[in-house]
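Visitor: Sequence:
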Amino acid sequence: VYFSSYELFKGIFGGKKKGDNDHHPVAYFSAGVVATVFSEAVFTPMDAVKQKLQLGVREYNGVWDCCRKTMQQRGLWRGFYAGY
Numbered sequence: 702v703y704f705s706s707y708e709l710f711k712g713i714f715g716g717k718k719k720g721d722n723d724h725h726p727v728a729y730f731s732a733g734v735v736a737t738v739f740s741e742a743v744f745t746p747m748d749a750v751k752q753k754l755q756l757g758v759r760e761y762n763g764v765w766d767c768c769r770k771t772m773q774q775r776g777l778w779r780g781f782y783a784g785y
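Okay, so the sequence shown: first residue is 702 according to the numbering used here, each after it adds one.
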């Protein structure tokens, strides 16, 4: 997720293109910031579910059950992005 979004936004922000030998630090920095936000937005909820399942509590019957119950009990932000 990170590298693909970094490359995408590097091109959008005017990063290095074919035949261009100039260095574009602002474009690279901006692409890195946006790629980090995208990556964390995807991986933080997955990590939250993984941690809940690793606790060993028999409250959940798998990944989808954990997602469903977390969403019902705590909502999107508190359930999946708490501690971010």
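Keep in mind the hints are simulated off the structure, nothing from the lab.
Here the structure is a predicted model, which means the values were calculated and not measured.
Just so you know, not all the hints are guaranteed correct.
[Said to hold, decoys possible] Each computed DSBU-like pair below joins lysine-lysine, with the alpha-carbon atoms no more than 35 Å apart:
1. 711 / 770
2. 770 / 751
3. 770 / 753
Visitor: Could you run down the list of hints and mark each one as holding or not?
Guide: We went through each hint and held it up to the structure:
1. A C-alpha spacing of about 38 Å is found between residue 711 and residue 770, which places the hinted pair above 35 Å, so the restraint is violated.
2. With a CA separation close to 14 Å, the supplied pair residue 770 and residue 751 stays within the 35 Å bound.
3. Under the criterion of a C-alpha separation no larger than 35 Å, the hint pairing residue 770 with residue 753 is consistent with the structure, at around 11 Å.
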